[in-house]
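J.: Chain residues, written in single-letter form:
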Amino acid sequence: MTAAERNKLMSVTVYIPTPFRKLAGNQTHVKVDGDTVGEVLDSLGEKYPGLRHMVYNEADEIPGHVNVYVNNTEIHTLQGKATPVKNGDEMAVIPAIAGGRGEALTPEQVERYSRHIIMTQVGPAGQRKLMESKVLVIGAGGLGGPAALYLALAGIGTIGIVDFDVVDLSNLQRQVLHQNDDVGRLKTASAKTTLNNYNPDVNVVIHDTPIHSENANEIISQYDIIVNGADNFTTRYLVNDAAYLAGKTLVDGSILLFDGQATVYVPGSGCYRCLFPAPPPPGAVPNCAEAGVLGALTGIIGSIQATEVIKQILEIGDPLSGRLLLLDALAMEFRVVKLRQDPSCPLCGDNPTITELIDYEVFCGAPFPGQDEEEGAAVAGAGVEHGS
Amino acid sequence: MKLEQKFMDEMIAHAKEDAPIECCGIIAGEDGRAVKLFRARNSEASPYRYSVDSDDLFRIYREAEDNEWSFLAIYHSHTASEAYPSPTDIRLAFWPESYYVLVSLEDAENPVVRAFRILDGEVNEEEIEAG
Chain A
1 MTAAERNKLM SVTVYIPTPF RKLAGNQTHV KVDGDTVGEV LDSLGEKYPG LRHMVYNEAD
61 EIPGHVNVYV NNTEIHTLQG KATPVKNGDE MAVIPAIAGG RGEALTPEQV ERYSRHIIMT
121 QVGPAGQRKL MESKVLVIGA GGLGGPAALY LALAGIGTIG IVDFDVVDLS NLQRQVLHQN
181 DDVGRLKTAS AKTTLNNYNP DVNVVIHDTP IHSENANEII SQYDIIVNGA DNFTTRYLVN
241 DAAYLAGKTL VDGSILLFDG QATVYVPGSG CYRCLFPAPP PPGAVPNCAE AGVLGALTGI
301 IGSIQATEVI KQILEIGDPL SGRLLLLDAL AMEFRVVKLR QDPSCPLCGD NPTITELIDY
361 EVFCGAPFPG QDEEEGAAVA GAGVEHGS
Chain B
1 MKLEQKFMDE MIAHAKEDAP IECCGIIAGE DGRAVKLFRA RNSEASPYRY SVDSDDLFRI
61 YREAEDNEWS FLAIYHSHTA SEAYPSPTDI RLAFWPESYY VLVSLEDAEN PVVRAFRILD
121 GEVNEEEIEA G
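Chains as they are written, first to last, in our numbering: chain A, 1 to 388; chain B, 1 to 131.
Treat the hints with care, since some could be wrong.
To be verified - So the derived list for chain B, only partly shown, Cβ under 7 Å to chain A, looks like this: (1) Y48; (2) R49; (3) Y50; (4) V52; (5) F58; (6) W69; (7) L92; (8) W95; (9) N110.
Since the hints were derived computationally from the structure, they do not count as laboratory data. Cβ atoms here follow ideal geometry from the backbone N, Cα and C, with glycine treated the same way.
Chain A on its own, in the form it takes in the complex:
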């Protein structure tokens, strides 16, 4: 470069922080020429070859862990390497200060999750989100089973399972987490074995206890999203209230006979109490053990719940919130009814009276059951019309 050419170029001061200073002759700042950020960095690299390896990667791009500033602004918000600079501008090249547990996906993970990763709505970043998520599944039964199964296959990092019951032969008509040899075994243990057989990367956390007012907050606080597969009104009201009070999204589902329902309660957009302000009189609505349920229906509703969880985590699509999905499997008809938040709701309304967990056994007139099955008993025809 001749002196005349040099004079036409702009002289820029580049500030060099301590990690790079040794590579730049121990200077705190150097003056180099260039019309753009890229040209300035090229000049810098010519002058200090050691520094070149720091500001450019093998593809000749500025690596993600190096911040380059023109005057006060990081160049990602400008035009990157093409950002023009003028005489007297100040630049700085500062290595990022970053870290974390979020390792890049391993080749095995890329292969395992490839059908998700190739979708633009998921991608590697979305897959990492799934792997960093913690989802609590209430009940390892009819609904919790397929929900937990698909969440595990999707690579959800931590799946908590609340159940205290043991596997009964009558569960095997629909509960996919348990097999013949599991009869008599704790459902949580059986669920963990099954989920880890499908995907050993999933951290399955067992809560081998009935959920009640004393432990609900502690359990729910450990998770990002709650999936409800409870089979009784007492637990349903408890989980609804606890999730709302903890500010967590509750993905709800219920089934009975040939009917299914699903919805998502995002705090502030309505809750189970907005839909069903009071439980039915004890015994008025039968549960699955009393009335029966089509086993295959658990797979439909549970899979819908898993789908909604994944959408929530990836922040994609329209959540099934403010809407109640109704399935009549005999007619094979899906309907969606609007679900409004009730301003007079005692939990999430304008003047809430429920500000902490209450005595749900008194409220529902029924004890927390031994929680044998996890299918919902909440498909009440009259109730469905409420709020629709």
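Since the structure of chain A is provided, determine the placement of chain B on it from the hints.
T.: Structure of chain B alone, referenced to chain A:
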């Protein structure tokens, strides 16, 4: 590494305020003595990753330069794991002259603060003399 108790307390307070996301910040020093703690925004806003916001980094860097302070320590929190650098922390440790300080809230009642030097992927713990 010598560090006054007020800086220890401030890091723990920051970690607790930002939990469950990881907090991060920089302690500027002069002749190996801490002079000012800068909280920074974690632009990742994640419970598993941190990255000092690039605007914050520049602002802190300039203030330190103007005062001829060094980055004595770079701190971040692990809200659910031990106070030890993760593989990513080690891979992204580009400031070998700074102490990497980790605040663990794994035991919420008893936060743990530990300091390390990280050079070329090698981690060496440095005892903190609080006082």
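J.: A separate judgement is required for each hint: does it hold in the structure or not?
T.: Outcome of the hint check:
no.	hint	in the structure
1	Y48	holds (4 Å)
2	R49	holds (3 Å)
3	Y50	holds (6 Å)
4	V52	holds (4 Å)
5	F58	holds (5 Å)
6	W69	violated (11 Å)
7	L92	holds (5 Å)
8	W95	holds (5 Å)
9	N110	violated (18 Å)
Going through the hint list in order, the structure does not satisfy hints 6, 9.
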